[in-house]
Structure formats: structure tokens, C-alpha cells
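Using the hints provided, position chain B relative to the given structure of chain E.
Line by line, the protein sequences are chains E and B.
Residue numbers for the first sequence follow this note's numbering, so the first one is 1 and each next one is one higher.
Residue numbers for the second sequence follow this note's numbering, so the first one is 1 and each next one is one higher.
Derived by calculation from the structure, the hints in this document are not laboratory data.
Computed from a prediction, not measured in an experiment: that's the story for all the values here.
Heads up, the beta-carbon is just placed ideally off N, CA and C, and yes, glycines get one too.
Just to be clear, a hint being listed does not mean it is correct.
Stated by the list, open to error - Computed from the model, here is a short list of chain E residues facing chain B with C-beta under 7 Å:
1) Glu120
2) Ile124
3) Lys126
Unchecked claim - Just the calculated beta-carbon pair ranges, DEER-fashion:
4) Leu77(E) - Cys252(B): 54 to 62 Å
5) His253(E) - Val426(B): 48 to 56 Å
6) Asp141(E) - Leu24(B): 57 to 65 Å
7) Ile386(B) - His253(E): 44 to 52 Å
8) Gly45(E) - Glu394(B): 28 to 36 Å
9) Thr12(E) - Leu335(B): 18 to 26 Å
10) Ile386(B) - Thr155(E): 33 to 41 Å
11) Met42(B) - Thr155(E): 49 to 57 Å
12) Thr3(B) - Leu77(E): 50 to 58 Å
13) Arg4(B) - Gln41(E): 17 to 25 Å
14) Leu24(B) - Phe217(E): 28 to 36 Å
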Amino acid sequence: MIEAKNIQKMFTRNVLAEGKKKSSKKSVKEEFYALDGISLQAKAGEIVGILGPNGAGKTTLLRILGMLMQPTAGEVLIRSKEGEYETDPVKVKQNIGYLSGNTKLYHRLSTREMLRMLGEVYGIEKQQCEERIGHIFDVLDMEQFGDNRIEKLSTGQTQRANIARCLIHDPDLYIFDEPTLGLDILSADAIVNFMKGQKELGKTVLYSTHYLEEAQFLCDKIYMIYQGKIVREGSPSDIMQETKTGNLRDAFHVVMDQVKGGDAQ
Amino acid sequence: MSTRKMFALFKRELKDIFRDKKTLIMMIVVPLLLYPLLIIGMTLILNAVNASRMDATYKVAFVGVEEETAAALEAIADDKTRIDYVIERTDADDPGQALKDEEIHAYVTVEQADGQDRYEVHYLSAWDDSVTAADVMMDVLYNYREDVRKERAEQYQLNEKEILYPVTYELADASSAEESVGNYLGMFIPFLVITSICLGAIYPAIDVTAGERERGTLETLLTLPVTNFEMIMSKFLAVSIIASISAVLNICSLGGAFIFMFSFIGGTAAGGMKLEIATFIPAILFMLLVVIFFALFVTAVSMCTCIFAKSFKEANNYVTPVLLLFMFGGYSAMLPDLELTNVTAAIPIINMTMMMKGLFNFEYNYALFGIVLLSNVVYSVLTIMILARLYNSESILFAEGFTNIRIFTKRSEMKKGALAGIGDVVLLLCLVLLVLFYIGSFAAVKWGIYGVMVQQLLILLLPLAYAWYIKSDMKRMFSLRMPKPSAVISAVFLFAGAFLCNLILAGVISVFFRESAQNVEETFAGLFDAPFAVILLITAFLPAVGEELLFRGFTFTAIRQKCRPLTTILLVSALFGLYHMSIVRFVTTAFLGVFLALLVEKSGSIFPGMLFHFLINAAADIISVYEEPMAKYFPILTKESLSIIEVAGILVVGAVCICIGWFFL
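Next up, chain E with everything else stripped away, as it sits in the complex (with noise of 0.2 Å):
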């Protein structure tokens, strides 16, 4: 469904630093690799997990596989509906429901207006959007508050609006930064089925967290990333049985001690 070869992401900063004469001042773009030669692979019916410490990359890839930057180097290879490779990001965004920290709504809309608006944008037609709100309206339980505007909701309310945001063009592929974050038992338990439930409806779920216990027995893959590198991949369990640990946490400690040891040596 979704595959990365090799992607790389450089960022760059000023740094001023001395030039090769003493006395002479230098502008240094300094360059650092955020994503380092990332290749990974999530297939229809998947889900994937991306976990690693803050700082690690998780976001900067996502973006990059939601097309919302450009990797410096490598591509994302993405199937659309019709089962071709896409490159062109207007098509590949139809396909995709992409959600993060960072992408709030719209205070001054209500859930409803905001979906019509969504709908327009993706070119669903008039009649079939609004059985596709009430659709989802329905699963998400929001019939109650879908017509208020959306700074009027609860955190657990609004994330549930963002999901709806990614429901809405019935999209192949989810990419989830961090989803969970910060939500209660109840509403993080519904984001967790909801993605249950669209592994069954055969979609590809990609999604970074940092509660592994979560990803232990939600994930059919996990991709363990540091300082923008892969440093391991494979199953929960298969993870666990390399590492000899008896769950996920004490699995992620291991690799990144063994990581971090091998950057001291």
C-alpha cells in the first residue's frame, strides 16, 4: 500500500563559525539529517507503528509520507484507489487521512459545515456526502454535538471531529502522528478501536506513539527509529524475542540502550 526507499530529510541552520583564516567570520549552513535513509513498508490491513524518543524523526516522516514535505532524497511510493503508483501529491492527499498534534480545526465551524467543506474540496458529491456525515456521525457517536461549533467542544469531542476530518473521503491509508496523546481512557480506547475497526475494513494504518504498551497489541509492525535512522523493525513479538524481553517497554529500553551504546563506542 505505502512504501518509503531510502528517504532523507536534511534541515539546515546558521551557524557562524571561524573561516580557514583566524581572523575571517563565516556563515555555515549547518546541515543535520532529521530522517536518515528510511525505508519502511505497511501493506493493506496493516497496522504499523513508528516509535522512538522525542526528536527522533516520527514527525518530520509522516509529513514526508502524507506528502506534506518533500524528502531531500529517496521517495514514497503510494498506491492510489485504482491500484497504481501515484507521485502527484494533490492525488495521493485525496487517499490519505492524516492526523496530528498539529492539525487543529477550524473554532469558528461546526463539525457538520466543516465536513461539507471537506467533502467540496474532495469532490464528493452533495448527496453523498451528507449520508456520509450521518454515516460517521453515527460510529463516532457525535450526533449530539456535531452542530456546535468546534471551540465549543471537549478535547475528547474535538479529537474525535479530527477523526471524522480523516474519515470523510473514505480514504486507503491513515497516518496517525501520535493520535492517543494526552486523551482520557474512553476517548483514546475509541480512536484505538476505530483504527481496529478500519484494519478490518482492510485500510493501511501508520502511526507513531509513545504508549507501548498501545502498540504492543495493536501493531502487526513496528519500525523503531533514533537520530532518524531505522534501528529496528519487525513484529511486537519478534522484537521481544530478539531482545529477550517479556513486553514491548522493556524491548524499546533494550534497543536503545544497545543505540545509544554503540554511538559512545
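For chain B alone, coordinates are given in the frame of chain E:
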């Protein structure tokens, strides 16, 4: 581009803006209520004040006026067909004191001389009521004189008109009432229209750019299957429409208020001027066109400015200078000689102002109007293209925003040793200009040459103070390093070469700008009466230190962080040239600026540049002060015109010196 997608986004932007209370208040409530309230309120208050003036009684004492005359004056004052105000005759023993104590409003004295009765109306100009009383009394006396004249004419059986008014004259205005009103409107309407378009555009422009970023909906927008261009266009169209609506509302409200005012005081002030409103209809229709085209331009510019801001507050800071610039353009309508020409028709802002002015003066030059509207479209398209490119840039979309202006952060949060950014340079140069303009010119007028010293000290202190405030590393910011001896030698040779070449350059320029070159000389004329050491200190040493710190220190280092050496040298030199605020001096100072910037770039130290700068200024001083001996020993320096061979000789020697200097650098 998909119009359907764009339209969907556009509808949302509009909905969003219309649901924002702040925008609505700025857009609808302010124009619809504020102008009428202000203007109607003012009119009503003025009328009320006038009415109370009419009702009041003014006490006037007649001193030494014969009873018969006094009675005649009183009769005139009482005659409602001639005088509107109520004058009451009072007696006062000491009228001067009574007036001072404000017991009476005025008193009239009379004395006789050369067969004339000379009346004097004494009043207090500091007391409004007394002024009114005096005015009324002047009217009364005028009437009285007319009466006396008539009487005398009858007495001597003269033809009153022939003797008393052998000559009459009056102004006959050949322009129609509409034309004169149009001329008047053309002066201030452009300013009001431009301001109202700006006020209407700026708020939503901030809202859709910095506001969107602040609310965090930008990333959501990026997940949608739309191109950046569709995104920008939807925002741009929404803001332009709001700006146009706001401007039209402003114009209507303002127009309504003025019509009210004219009709209220119409009988007296407009002097029975009858206006055919229909004459203005083409102008007004054209105005709508102008408003829409100009709204496009203002919107594009303000969106371009706001896009760099990460928050509403920051965007406000950035956009305020833009607003001032636009308003300044609006003022240009009041300049008498500025008109729509082929040149002004292409200058943004000015062209719109001039077109509006032209419209109200009934000057319909359709070719020029075409250029104006077309150039606005071109500028708008260009700006939108820049905007679309900026919106494509990930550093703008995902970065935390730009923090180029360090002074806006709290001092306690500033990092020690940080260097100033380009924003800081702009701010500092503006500060320097402001300080020079206000404090500097005041000091120069007040204290002469020592005022100039104050000016120079200010230029020296400002960059130091700024750098200290932002806690920058002074050594690096101002390149305060010991120079190598070779750099000092190089500075001397470069000075000699640059000085000679500059001589020729200045000569060439003075051919083109003869008059302004003379002005430059006059500016410095008064300066050279002081002792030579003082002259040297004030015109050579202090500028060398201060301007070097400002330009080759602060400005150079800040720009050098972002730009390559060549770009930095050219940029700093151009700024240095502009700083001297004259076309004539721009070329020569920018030319010298290149050497100065080269010196600091190559040597890494500010001091060789200071030496170079000092030598250049000192040489100029010597030539001016010791004009005669210099002319004797170096006739070439003061010669009016040089032969080709002389020019070539100077240039060759100059070039050799520069090469030697370059070798040592």
C-alpha cells in the same frame, strides 16, 4: 487549478472571517457608526456652540464716544437685519480694568485726528467671548461708517456710487461648483479610501496567514488534496473581497456623513452652491473599479508581510510600517504638482492616488487609467507569485517563525553572545535616521559645529547601545580585532587610490547634477570657521569611528551571517550610500563604501576601515580649509576642468595604489 476546490476553500475562509467578531467590528461597525457619529456629533456640537454665542449678551462700554454716536451704534447693534448678536451697552469707570477682570467683553474708544474719527475696539484675544464681542463691534462700526458715508454724500449732493465706490471688483470663479468641490474632494478622498482599504484588508490578511498558523490549522490545510496556489488564491480572494466591502462601506458612510454635514450647514457655508451630484457618477463608478483593483494589491502586499509572522501580535508589528507606507502614498494627493503621467502611472500606491485625484478633477485620461489598473494587476500577480512561492517553502510553513529582530524578545530571555539579525539592522538604521532627523538637526541648529559633534556621537553610541541591549558579542559584532600591520598599510594605499578615483567620479557626477553638487558644498560652508583640530575631530575622526561601527561593524556582521561576501559588500555599500541621503553623494559614498566593506571582510578588523575613512574625510577637510595653498601645490585637486590626459593620469595612479593596497590585504 481546480476552481471547485478553490471555491470550497474560499467559502470557508469567508465564513471564518465573517464569524470573527473582531473583523466584523473593524469592517462594519467602525465605519458605519464611527464616521457618522464623529461628523454628525461635531456638527451638532459646533451648531450648539454657535447658537449659545448668538443667545449670549455681550457687554460693551463706550469710552469718550459722544452720546449721539453711541446711540447710533446701539441702534445698529439692535437692528436684527444687520447684526445677529445681542450687544448691551454698559458703563465702566475703568474700562481697561473691567475688561481685564472680565466684567465687560470689550470697550470702544475714539479719538479725532486729521478730520477722522478713529475708533478702537479693545478686547482680550485670549477670551473667546471677548473675541466674539470685538468681531461684532467691528461689524457695527463698519455699518456705522457706511451710514455716515451715505449721509455725507447726501449732504454734499454727491453720487454715492461714483465717489465712494469708483472701483469695484470681485472674484469670478470659472470652474463650476462641481469642479471646485471635485478638486477639494480629490485632495483627501484618496487618503481616506486607501486608509480604509488597508484597515479592511490588514485584519483578515493577518487572520488567514499568521492567525491560521497561530491556531494550528495550517497543517490541517496542508493535508488536503489542494495545490499551494489554490490555497493562496482562496485566501487572497476572500481577503480582497472583505477589503473591498470594507472600503465601499467606509466610502458610503463617510459620504453620507459629509452630505449630512453639508445639508446641515449648507445654507450658510456652501453659500448657495448648487451641486449636480450626477456629474460625479462616472467618477464614483470609476472609484469602485479603483477600490477593487487597489484592494487586490493591498491584500497581496499585506499577506506577503504577515506570512513571516508566527503570531497575531508579530504580524501586527510587521504590517504597521506597510500601513504607514500606504497612508503616506495617500497623502501624495495633496502635493500640488504631482499628477498622473506615464511615470507616476506605474508607481504603486502613488498611481492609485493620482488616478483618484484625476477622477475628481474630471480628467479622464483613459490611456493612463489603463496603465494604472494594469500595473496594479501586474504588481498584484507578482506579489501573489511571491506569496505562492513563500507558501511552498517548508521553512515558512513548519518553522516556528522568524526571529530576525532580537530586540523584541524580553531581555532576560536573550542569549548572551548572539549576533544581530537583518531585522535588527533595519530597525537600527531607522532609529539612527530618526535620531539624526529629530535630535541631530535640532542640535546642529542650536549649537552649530558642536551640534554636529552631538550628531556624530549619537551615531557612534546607537549601534553600541543596541548591541549591548541584545547582549551580543561586542568583539564579533563590531569586528574589534587588532589588525595585522599589512592591513593598515593596505588601508593607506587603498585610501590613496580610492581618493584619486573618487575625485574623477565626483567630477563626472557633478556634470550631471550641477546644482545639487553646489548644495553639498554649501551645507558644509559654515563648518570651517572653527579651529582645524576641532574640524578634524568632528568631521573626520568621529564619523570615521561612528559610521564604521554602524555600517562595517553592526550592519556588515548582521548581513554577512545570511549573505555571501560579495552580496554583503554591495548591500552594505548601497546602504551607506543611501544613508547620505543625496543622489550626488550616493555614488561617491557607495564607491568608497565598497573599499571599506572590503577592508573589514578581508582583514576581519574594523580598524583599517576606520583609518581609511578618517583619511578620506581628513583629505576633504584639508582641501576645503587650506584651499589656497592646496590650489598652489596640487592644482589638479581644485581645477574646474581636467584634460583627458590628466584624468587618465589620475586614474592610472589611483589604480596602481589600489593594486598595491589589494596586494597587502
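Hints, one by one, checked against the model:
{"no.": "1", "hint": "Glu120", "in the structure": "holds, 4 Å"}
{"no.": "2", "hint": "Ile124", "in the structure": "violated, 11 Å"}
{"no.": "3", "hint": "Lys126", "in the structure": "violated, 12 Å"}
{"no.": "4", "hint": "Leu77(E) - Cys252(B): 54 to 62 Å", "in the structure": "holds, 57 Å"}
{"no.": "5", "hint": "His253(E) - Val426(B): 48 to 56 Å", "in the structure": "holds, 51 Å"}
{"no.": "6", "hint": "Asp141(E) - Leu24(B): 57 to 65 Å", "in the structure": "violated, 34 Å"}
{"no.": "7", "hint": "Ile386(B) - His253(E): 44 to 52 Å", "in the structure": "holds, 50 Å"}
{"no.": "8", "hint": "Gly45(E) - Glu394(B): 28 to 36 Å", "in the structure": "holds, 32 Å"}
{"no.": "9", "hint": "Thr12(E) - Leu335(B): 18 to 26 Å", "in the structure": "violated, 47 Å"}
{"no.": "10", "hint": "Ile386(B) - Thr155(E): 33 to 41 Å", "in the structure": "holds, 39 Å"}
{"no.": "11", "hint": "Met42(B) - Thr155(E): 49 to 57 Å", "in the structure": "holds, 52 Å"}
{"no.": "12", "hint": "Thr3(B) - Leu77(E): 50 to 58 Å", "in the structure": "violated, 30 Å"}
{"no.": "13", "hint": "Arg4(B) - Gln41(E): 17 to 25 Å", "in the structure": "violated, 34 Å"}
{"no.": "14", "hint": "Leu24(B) - Phe217(E): 28 to 36 Å", "in the structure": "violated, 51 Å"}
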